[in-house]
Amino acid sequence: MAWQVKTIAQRTGELLPGSPWTAALYVLLTILAVTAFVTVAGLVLIYAERKIAAHFQCRVGPMRVGWHGVLQSIADAIKLLMKEDVVPRDADALLHILAPVLSFAGMLLVMIALPMSPSLQVADMNIGVLYVTAVSGLGVLGILLGGWSSNNKWSLLGAMRAGAQIISYEVSATLALLVVVVFAGTLQLSGIIQSQDTGWWIWRAHGCGLVAFAIFMIAGTAEINRTPFDLAEGESELTAGFHTEYSGLRFSFFFLSEFLNMFVLAAMASTLFFGGWMPLHVGPSGVGGHFAAFNGVMDLLPPGLWFTLKTTAIIFLLMWFRWTFPRLRVDQLMRLEWKILLPIGFVNLFVSAACVVTGFYFFAR
Amino acid sequence: MSVTVSTLQARISGESTAGSPLSTEEYFVNMGPQHPSTHGVLRLVLRLDGETVREVVPVLGYIHRGIEKMGEHGNYRQFVHLVDRMDYLSALANNWAVTMVVEKAAKMETTERIQAIRTLVCELQRIQSHLLWWGVFGMDLGGFTPFFYGLRDREQICDIFEKTIGARLTMNYIQPGGVMFDIHPEFVKDVKAFLNYLKPKLVEYDALLTGNVIIQERLRGIGKLSAARAIALGATGPVLRASGVAHDLRKSEPYGLYSQVDFDVPVGTDGDCWDRYWVRMEEIRQSIRIIEQLIDNIPEGKTFMVKPAAKIKVPAGIHYSHLETARGILGVLLVSDGKEAPYRIHCRTPNFNNLWCIGEMATGGRIGDLVAMLSSIDIVVPDIDR
Amino acid sequence: MSDESIAVPEVLPPPEKHVGTGGAVAGPVPWIDTSGAIGGVFKGIRSLFSGMKVTVGYLMRPSTVVTQEYPENRETLKLPDRFRAQLAFNHDANGYHKCTMCRICEEACPNVSIIITGREKPAVSKKELDSFVWRLDSCTFCNTCVMVCPFGVLRFDGTFESSVYDRRLLSYTLNQYAGPVASVLEKIEDPDARKAAMDPRDPYGGHAVIEALIEKQKAKKIAEKAAREAARVARLAKKAAAAAAPAGEAEDAG
Amino acid sequence: MDALNLIAAVQALHPAAQARAQSDQPTLTVAADALVALATQLRDDPDLRFDLLETHTAVDWLEEDRFELLYLLTSVPHGHRLLLAVNIDRDAPVVPTVSQVWPIAEWLEREAYDMFGILYDGHPDLRRLFLEDDWVGFPLRKDYEDDFMLERPE
Numbered sequence: 241m242a243w244q245v246k247t248i249a250q251r252t253g254e255l256l257p258g259s260p261w262t263a264a265l266y267v268l269l270t271i272l273a274v275t276a277f278v279t280v281a282g283l284v285l286i287y288a289e290r291k292i293a294a295h296f297q298c299r300v301g302p303m304r305v306g307w308h309g310v311l312q313s314i315a316d317a318i319k320l321l322m323k324e325d326v327v328p329r330d331a332d333a334l335l336h337i338l339a340p341v342l343s344f345a346g347m348l349l350v351m352i353a354l355p356m357s358p359s360l361q362v363a364d365m366n367i368g369v370l371y372v373t374a375v376s377g378l379g380v381l382g383i384l385l386g387g388w389s390s391n392n393k394w395s396l397l398g399a400m401r402a403g404a405q406i407i408s409y410e411v412s413a414t415l416a417l418l419v420v421v422v423f424a425g426t427l428q429l430s431g432i433i434q435s436q437d438t439g440w441w442i443w444r445a446h447g448c449g450l451v452a453f454a455i456f457m458i459a460g461t462a463e464i465n466r467t468p469f470d471l472a473e474g475e476s477e478l479t480a481g482f483h484t485e486y487s488g489l490r491f492s493f494f495f496l497s498e499f500l501n502m503f504v505l506a507a508m509a510s511t512l513f514f515g516g517w518m519p520l521h522v523g524p525s526g527v528g529g530h531f532a533a534f535n536g537v538m539d540l541l542p543p544g545l546w547f548t549l550k551t552t553a554i555i556f557l558l559m560w561f562r563w564t565f566p567r568l569r570v571d572q573l574m575r576l577e578w579k580i581l582l583p584i585g586f587v588n589l590f591v592s593a594a595c596v597v598t599g600f601y602f603f604a605r
Numbered sequence: 007m008s009v010t011v012s013t014l015q016a017r018i019s020g021e022s023t024a025g026s027p028l029s030t031e032e033y034f035v036n037m038g039p040q041h042p043s044t045h046g047v048l049r050l051v052l053r054l055d056g057e058t059v060r061e062v063v064p065v066l067g068y069i070h071r072g073i074e075k076m077g078e079h080g081n082y083r084q085f086v087h088l089v090d091r092m093d094y095l096s097a098l099a100n101n102w103a104v105t106m107v108v109e110k111a112a113k114m115e116t117t118e119r120i121q122a123i124r125t126l127v128c129e130l131q132r133i134q135s136h137l138l139w140w141g142v143f144g145m146d147l148g149g150f151t152p153f154f155y156g157l158r159d160r161e162q163i164c165d166i167f168e169k170t171i172g173a174r175l176t177m178n179y180i181q182p183g184g185v186m187f188d189i190h191p192e193f194v195k196d197v198k199a200f201l202n203y204l205k206p207k208l209v210e211y212d213a214l215l216t217g218n219v220i221i222q223e224r225l226r227g228i229g230k231l232s233a234a235r236a237i238a239l240g241a242t243g244p245v246l247r248a249s250g251v252a253h254d255l256r257k258s259e260p261y262g263l264y265s266q267v268d269f270d271v272p273v274g275t276d277g278d279c280w281d282r283y284w285v286r287m288e289e290i291r292q293s294i295r296i297i298e299q300l301i302d303n304i305p306e307g308k309t310f311m312v313k314p315a316a317k318i319k320v321p322a323g324i325h326y327s328h329l330e331t332a333r334g335i336l337g338v339l340l341v342s343d344g345k346e347a348p349y350r351i352h353c354r355t356p357n358f359n360n361l362w363c364i365g366e367m368a369t370g371g372r373i374g375d376l377v378a379m380l381s382s383i384d385i386v387v388p389d390i391d392r
Numbered sequence: 132m133s134d135e136s137i138a139v140p141e142v143l144p145p146p147e148k149h150v151g152t153g154g155a156v157a158g159p160v161p162w163i164d165t166s167g168a169i170g171g172v173f174k175g176i177r178s179l180f181s182g183m184k185v186t187v188g189y190l191m192r193p194s195t196v197v198t199q200e201y202p203e204n205r206e207t208l209k210l211p212d213r214f215r216a217q218l219a220f221n222h223d224a225n226g227y228h229k230c231t232m233c234r235i236c237e238e239a240c241p242n243v244s245i246i247i248t249g250r251e252k253p254a255v256s257k258k259e260l261d262s263f264v265w266r267l268d269s270c271t272f273c274n275t276c277v278m279v280c281p282f283g284v285l286r287f288d289g290t291f292e293s294s295v296y297d298r299r300l301l302s303y304t305l306n307q308y309a310g311p312v313a314s315v316l317e318k319i320e321d322p323d324a325r326k327a328a329m330d331p332r333d334p335y336g337g338h339a340v341i342e343a344l345i346e347k348q349k350a351k352k353i354a355e356k357a358a359r360e361a362a363r364v365a366r367l368a369k370k371a372a373a374a375a376a377p378a379g380e381a382e383d384a385g
Numbered sequence: 174m175d176a177l178n179l180i181a182a183v184q185a186l187h188p189a190a191q192a193r194a195q196s197d198q199p200t201l202t203v204a205a206d207a208l209v210a211l212a213t214q215l216r217d218d219p220d221l222r223f224d225l226l227e228t229h230t231a232v233d234w235l236e237e238d239r240f241e242l243l244y245l246l247t248s249v250p251h252g253h254r255l256l257l258a259v260n261i262d263r264d265a266p267v268v269p270t271v272s273q274v275w276p277i278a279e280w281l282e283r284e285a286y287d288m289f290g291i292l293y294d295g296h297p298d299l300r301r302l303f304l305e306d307d308w309v310g311f312p313l314r315k316d317y318e319d320d321f322m323l324e325r326p327e
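Chains as they are written, first to last, in this note's numbering: chain A, 241 to 605; chain B, 7 to 392; chain C, 132 to 385; chain D, 174 to 327.
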C-alpha cells in the first residue's frame, strides 16, 4: 500500500493559481490552527505531567478545578496572564523581553515540519531533518539571552550551563539522527517515514537503531533540560536557573516552550525510530509479503492515531525519567557526552554505514 | 592590648586567590537566606570561580530567637518546650537533654518505664528525622520523588506520636520527672505495624536512591573529611561517624535504656558524602533493631514521679549532660544559682558545630557538590541559630 | 576559613566496643562498581531500571495514594483524643466550671498566653472568676497548664479549624460565665439566684481584657524603666569611684 | 580516667590550675595567660588527648563583676571530659583565642563575642555571628536592656 502524502503547503500551492484569496485564508487558518494546537498541547502536557508525577509519588495531583482538576492548567494560564510583568531594574530590558519569544519561536517553527499523519503536516521539506535540528537550536539562544539579560548571577550560571549542555548534546543527537538518515537515504521526514513501510528502524537495523534511539533519547532529554539533565534550572542548586527573574506571561512562554519541546522530541523520536504515523509493519505489505495479513490488520488503525500513541508513549518515558532520577553534576554531564555518548555514537554511525553498504539489515530493498 | 572586630563586609571583600592560568574573575553569590536547598534561612556567601566554590562564608542569625536568654526568665519546666524549637526534628531528644540535666542536678528519681518510653520515642524520632533527611537529600540532588516517599513514611511516625503525645512536631513530651502522658494503649501495636511497614520500604529506598548510579557517582569522594579534621572541627553524630570515628554517646555513655539493648554503631571509612548517606541509612536499621528489642519489654511503673506544679530547685553550680540526637551531640550546660530559674543555660547544638565543617568540605568543589554536602550534614537551621 | 597548617594530632583508633558492622536488618547496600568500561555501564543502567521499577509500581497501584483531601474528608477525619489544638474549659452537665482562680496555670504558662481576671464584685464567694482569657496567637501548645491544673478544669481539644480574619478574635474567653465554681453554685437552691450569680461571657471577647491589661502595664513599665536607669547610673558611679587604678586600655568594641 | 585522677593529671601539667567547686564535671580554673599553652598540652598529651572542644561559652557574673569562660573538652579516644574555667574582668573582657588549638573555637568564640562582648585576642575573624554588625550591646549580658524585650506581667 502506497501512502499518499499531501501537506498543507502543497494544498495551498494548488489553490494559489485559481483562488489566491482562498489560499491566503487557508494560510491564515493554518497559522491559527498551529498556534491553537501548541497552546492546547502545552496545557494538556502540563496537566498530564502533574497527574503522572503525582501518581508516581503516591499523590493525586490537581483535583479542585474541574473534574479531577482537568481545568487546572487553564486556571494556571489565566493566573500567569494576570500576573504583574516584572523586568528587573538593572536588567537589559530589550533582551529580557526578547528571550522568551525567541525560545518560543524556535519551538513553534519546528512544529510546521512535524508529520502527524499523511495529510497532516504543514510543510514537507526535502531537508526536514536538517531543518528541525537547526531550528530547534534557536531555543538555546532564548535561554542564553534570558540568563544574560536578567542580570542575576544564578540566572547567568544557569544560562551558561544550558549553553554548554545543549550545544554539546546536539552533537550526539545529530549523530543518532544520521543513523536513520543513512538507512533511509533521505533527509525528508515523510521520506523517512515511507522508508519504514517494511518495519521500524529501531528493530530493522540489527541494534544500530536501538543504540541510536537510546543516544537520541539521552541527548534529547539533555537538550530539553529535563531531569536528570535539568542543570540549567537546577532548582536545588540555582533556585530556578535562567528563568529566575521571569514572571507572568514571559515565564509562561518559557514554561510552555519547555513542555512543547518535550512533544517535539517525542514526535521526532517516533518519526525517526518508530515510523511516525506508519503502522507497525513486518516486511512488505503487498502481494508476496509473509506478514501481509498482519500488516493489513495494523493498517486498520488510522495513521494519526499511530503517531499519537507513539508520541504519548515516548512522552511518558520522559516523564518517567524525570520523576525517578536525580540530577547529574556539571562535569559528569560533560563526561557523559564527550567520553561515552559521542564515541558510541560514532561507532554506531560507522556500523550503520557498513550495514547500509552491505545491505545487511532486515527487509533491505 | 587591643582586639579589632571585623564586619561581614570586610570579610567578603578579599583579594582574588585564583590560581588558574586562565584569566577568570571571581564573584560573590548569596546562597540564601531564601534558597531551596539551605533548608530554611541559612545564608552562605559563596566566592565562586565559574562553577567552582573557592570559599564559603556562612552568615547566621536569620532565625535567632535567643532561646538561652528566654531560658533565664522562666523556670526549668518552662524551658523544656523552648528547646522543641531548636532542632525540631529531634524535639523529643531536645526535651530529654534538658530533662536529663535537670533531673541529674535536682536528683529526681525515674522509673524503668519512663526510661523505656523515652528511649522508644527518641529512637522513633531518629527514624523519623532520618526519613525526612532522606527525602530532602534526594530532592537536593534533583530527584523529586524520594521527598514524597520519605515524607509519606515519616507521617506514619508522626501519627503514632499524635496518638500518644498529642503533637506531631513540637512535643514537649519528656518532662523533668517523667513523661507527660503514659503511652497510648495502641502504641505498641502501631509501632510494630509501622516497623513491618518500613522494612520493605527500606529496600525500595535502596532501589530508588541508594543503588542509583547517578547518586553514587555524585556522592563518592565528595566533601571528604578526615577523622582528625572532623574532630578538630567539632563535628558529631553521623558526620563524625562517617569519617570513621565511632563516637556515639548511646554506646560510650549509655543513657536511658541504651545499655540494655544490642545495636551497632555504623561507621564510614572515607568521610565523604556517600559515607554520611550510608551511615544514616544504616542508623535507621539500627534504630529498628533497638525498637524491636524494647517494644515488647516496656516495664510497668509510674510515668510521672513528681507533682507537675511543684517547683524544681536545682543546687547552685555547673551541671552538664549530653545525649545523641539524630544529628549529633546535644549538650545542655546549666549554671544555677540555686534559684527557681536557671542563671545561665547554654545548649551545645549539633548542627552549629556540624555546619562549621562546610567551609572545609566545600572549598574546591562545585555548586552542585555544595548542595549535596550541605544536605549530607543534615542541617536544621533553627538548631544552629537557637 | 580552613587552615590546614593547624597541627591536629592523629586520631587514636576508637575503643573496640564502639565499632559496629551494621547491616543487621537488611543486607548492605550494593555499591555499584562503575570502574569497568563495559560492565560498569551495564551495571549502571541496571541500577537506573531498578529505580524506574519502584516509581512505576506506585503509578500502577492507585491504592497506594496517601493524599488526604481536606476539607472533603471532614466527616472521616478523626484526630486522636490527645491532639492539642485548642484549650478548652471543662464545664459539667449544668454548664458549671471548677476554676477557683488559683492562677497556677497562669504562672506556669511559659509565654503569658493565659490571663485570668477576677470579678470586682463577687456575687457569692470571696473570689470569683471573671474571664479566663487564652491567647491562641501566642500559645505554644506545651500542655503545661493542663498538667498543673489541680482541679482538672482545663483540657486540650482537637478542634483545629481556628483561623479568623481578625487577630483579636484569637483571644478566647474560655469560661462560659463569670461567677462562682460548681460546688458553690450547686449549694444555691433557688434557680433564679443561681442565674443571678452567673454572668455569661462571649467566647471571642478576650481581647478587651487583654487591652485593658496592656494599658495598665504600660504605665507600670515606664516607671520601672526609670527606676532601672537610676540604679544603673548609681552602679556606674560607684564603680568609677572604686576604680582608682586605670582599668586597662582594652576597649569594649560594642 | 575518673574525675579525681583527671584533675590530678592536669594539675601535674599546670600546677596553677585550681579545682572549681560546685560543678558536676571535673572543672579547673586557670588564668587567661596560661590558657593557650595548657590547651595545647591538653590536646597533645597522649594520656589526656582532649581533641574535641565540645562547647565553649561564658557566664556573666554581674554581682562579682566577672565573666567566667567555660571550655568543655572531650577526649574522643579516652572518653573523658574536662571543664576549663577562665575568669576575666567584666570591664576588660579580653582573653587569648584557642582557635589555633581547636578550629571549632573560631565559631564558638565568635558566638561568645556576639552574646557577651568577650574579645578574643588573636582571633582570625572576630565579628558578630548571629546579630548584625551594627548591633548595639551584647544580649546575654545580665544588664542588657532592650526596649522590645517583653517582660512577664506581675
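Worth double-checking, as some hints may not be accurate.
[As the list claims (entries may be wrong)] Beta-carbon label-pair distances, calculated as ranges:
(1) A:545 x B:33: 49 to 55 Å
(2) C:229 x B:303: 51 to 57 Å
(3) C:268 x B:306: 37 to 43 Å
(4) B:346 x C:268: 56 to 62 Å
(5) C:335 x D:252: 55 to 61 Å
(6) A:319 x D:320: 28 to 34 Å
(7) C:187 x A:274: 30 to 36 Å
[Stated by the list, open to error] The calculated BS3-like cross-link candidates involving lysine-lysine, where the alpha carbons are at most 30 Å apart (straight line), are:
(8) D:315 x C:258
(9) B:308 x B:195
(10) C:258 x B:75
(11) B:110 x D:315
(12) B:313 x B:345
(13) C:258 x B:317
(14) C:326 x C:351
(15) B:110 x B:257
(16) B:230 x C:347
(17) A:579 x C:258
(18) C:229 x C:257
(19) C:174 x B:345
(20) B:169 x D:315
(21) B:195 x B:317
The set of hints was computed from the structure by calculation and includes no laboratory data.
We put the beta carbon where it would ideally sit given N, CA and C, even for glycine.
Hints, one by one, checked against the model:
At about 53 Å, the CB distance of residue 545 (chain A) to residue 33 (chain B) agrees with the hint of 49 to 55 Å. The beta-carbon spacing between residue 229 (chain C) and residue 303 (chain B), approximately 40 Å, falls outside the hinted interval of 51 to 57 Å. Hint check: residue 268 (chain C) to residue 306 (chain B), Cβ distance near 41 Å, so the stated range 37 to 43 Å holds. Distance hint check: the CB atoms of residue 346 (chain B) and residue 268 (chain C) are about 27 Å apart, inconsistent with the given range 56 to 62 Å.
Our hint of 55 to 61 Å for residue 335 (chain C) and residue 252 (chain D) holds, since their Cβ atoms are close to 58 Å apart. Checked against the hint of 28 to 34 Å, the pair residue 319 (chain A) and residue 320 (chain D) fails, with Cβ atoms roughly 43 Å apart. Between residue 187 (chain C) and residue 274 (chain A) the beta carbon distance is about 34 Å. The supplied range of 30 to 36 Å therefore holds. Between residue 315 (chain D) and residue 258 (chain C), the direct Cα distance comes to roughly 38 Å. Violation of the 30 Å bound is thereby established for this hinted pair.
Of the pairs offered as hints, the one joining residue 308 (chain B) and residue 195 (chain B) holds, with about 21 Å between alpha carbons and a cut-off of 30 Å not exceeded. Pair hint residue 258 (chain C) plus residue 75 (chain B) does not hold up; C-alpha atoms about 36 Å apart against a cutoff of 30 Å. For the hint pairing residue 110 (chain B) with residue 315 (chain D), the CA-to-CA distance comes to about 26 Å; that is within 30 Å, so the pair holds. The suggested pairing of residue 313 (chain B) with residue 345 (chain B) holds, with an alpha-carbon distance near 19 Å, which does not exceed 30 Å.
As the CA atoms of residue 258 (chain C) and residue 317 (chain B) are separated by approximately 25 Å, the hinted pair is consistent with the 30 Å bound. Between the alpha carbons of residue 326 (chain C) and residue 351 (chain C) the distance comes to roughly 37 Å, so the proposed pair goes past 30 Å and is violated. At roughly 19 Å between alpha-carbon atoms, residue 110 (chain B) and residue 257 (chain B) fall within 30 Å of each other, so this suggested pair holds. Distance hint between residue 230 (chain B) and residue 347 (chain C) is unfulfilled; the C-alpha atoms sit about 60 Å from each other, more than 30 Å.
The straight-line distance between the Cα atoms of residue 579 (chain A) and residue 258 (chain C) is roughly 86 Å, outside the 30 Å bound, and the hint therefore fails. Taking the CA atoms of residue 229 (chain C) and residue 257 (chain C), the gap is about 15 Å. The hint holds against a cut of 30 Å. Distance restraint check for residue 174 (chain C) and residue 345 (chain B): the Cα-Cα separation of roughly 66 Å exceeds the 30 Å cut-off, and the hinted pair is therefore not satisfied. With a C-alpha separation of about 42 Å, the suggested pair residue 169 (chain B) and residue 315 (chain D) falls outside the 30 Å cut-off, and the hint is violated.
Of the supplied pair hints, the one linking residue 195 (chain B) and residue 317 (chain B) is violated, its CA atoms being roughly 36 Å apart against a limit of 30 Å.
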